[in-house]
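Residue numbers are given in the working numbering: position 56 of the sequence shown equals residue 56, and the series is strictly consecutive.
Treat each hint with caution, since some may be false.
Pairwise CB distance ranges (calculated) [as the list claims (entries may be wrong)]: (1) D241 x E117: 35 to 41 angstroms; (2) E175 x A244: 37 to 43 angstroms; (3) P235 x P205: 42 to 48 angstroms; (4) A12 x E181: 40 to 46 angstroms; (5) W97 x G41: 16 to 22 angstroms; (6) A55 x P235: 28 to 34 angstroms.
Keep in mind the hints are simulated off the structure, nothing from the lab. Ideal placement from N, C-alpha and C gives every residue a C-beta, glycine not left out.
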Amino acid sequence: MIDCHVHLWDPAGGFLWIKPGSEHHHPFGESDLERSGAGLGLAGAILVEASRGDAGETATLRELRLRRPDLVAGYVANLHVHGVDGPGPFRALLHEWGASRPNGMRLGGASWADTPEAARALVPVLAEEGAVLQLNLHQGALRTAADVAARHPELTVVVDHLGNPPDPRTPEAGEWYRDIERAAGGTGVVVKISGLLTQQHGAPPQRIAHMVRHVVDTLGPDRCLIGSDWPICLPRGSRADSLARSGLGLTHLTDDQRDRVRHTTAVRVYGLDG
Numbered sequence: 001m002i003d004c005h006v007h008l009w010d011p012a013g014g015f016l017w018i019k020p021g022s023e024h025h026h027p028f029g030e031s032d033l034e035r036s037g038a039g040l041g042l043a044g045a046i047l048v049e050a051s052r053g054d055a056g057e058t059a060t061l062r063e064l065r066l067r068r069p070d071l072v073a074g075y076v077a078n079l080h081v082h083g084v085d086g087p088g089p090f091r092a093l094l095h096e097w098g099a100s101r102p103n104g105m106r107l108g109g110a111s112w113a114d115t116p117e118a119a120r121a122l123v124p125v126l127a128e129e130g131a132v133l134q135l136n137l138h139q140g141a142l143r144t145a146a147d148v149a150a151r152h153p154e155l156t157v158v159v160d161h162l163g164n165p166p167d168p169r170t171p172e173a174g175e176w177y178r179d180i181e182r183a184a185g186g187t188g189v190v191v192k193i194s195g196l197l198t199q200q201h202g203a204p205p206q207r208i209a210h211m212v213r214h215v216v217d218t219l220g221p222d223r224c225l226i227g228s229d230w231p232i233c234l235p236r237g238s239r240a241d242s243l244a245r246s247g248l249g250l251t252h253l254t255d256d257q258r259d260r261v262r263h264t265t266a267v268r269v270y271g272l273d274g
């Protein structure tokens, strides 16, 4: 399995969203990541930026990817911090990084309209260069991904955390199901089964399994990834617990289909070594 969503941070270096006194307010580094995966049969992890807010975080993730390929299969950097220089310098930077460039660039916010315009201006560069756009939007993530993928047919758009679905008991839940269908209508949207231990805390396992199964059956295993969202998940459970929660809706799949969700799709989408 490739765990497609993990973070590393040291609050002393930034990360203003991490509140003092919280369970997240201490460093999580390379050795912590290694220990958290012991016995899980992992083939690697995708490091995802944690909103430090500067290009130095990209350099840190890149260095660890180069130094520990046994632990880190790839990394996703923050698109926001590269918007200030414009599309030309960003394209040049991707060329400079070459084979060690990020496997994806993440754009986040409350909604697409709330993301920085300068960062959105870099999306065509990602499409031209064959780099993945990763979205973490609190509203309309799946709908936005479908729209962006339609405008840029050569672009792959990965949506974090099942598209941050609303509480299934609310009227907004129907819209999430419709957006899954819309995302499936094209070919460029990939959905990450992650964040469920935190976002769906307290939900009955059967409800989570139903949501995951619906996503996988609608998009197919070649357009789904799995991730733990470690160490964000730790207040609710371990990395193993989180991955198990993400796997609740995969039991009906064949062994080959499960392997595609857990490994093969990640290799293809993120352009990993194998």
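Here's how the hints hold up against the structure:
With their beta carbons about 39 angstroms apart, D241 and E117 fall inside the hinted range of 35 to 41 angstroms. Taken as a hint, the range 37 to 43 angstroms is violated for the pair E175 and A244, whose Cβ atoms sit roughly 28 angstroms apart. Take P235 and P205: their Cβ atoms lie about 19 angstroms apart, and the range 42 to 48 angstroms is violated. In this structure the supplied range 40 to 46 angstroms holds for A12 paired with E181, their Cβ-Cβ distance being about 45 angstroms.
Checked against the hint of 16 to 22 angstroms, the C-beta distance between W97 and G41 comes to roughly 30 angstroms, which is inconsistent with it. Between A55 and P235 the C-beta distance comes to about 29 angstroms, which sits within the given range of 28 to 34 angstroms.
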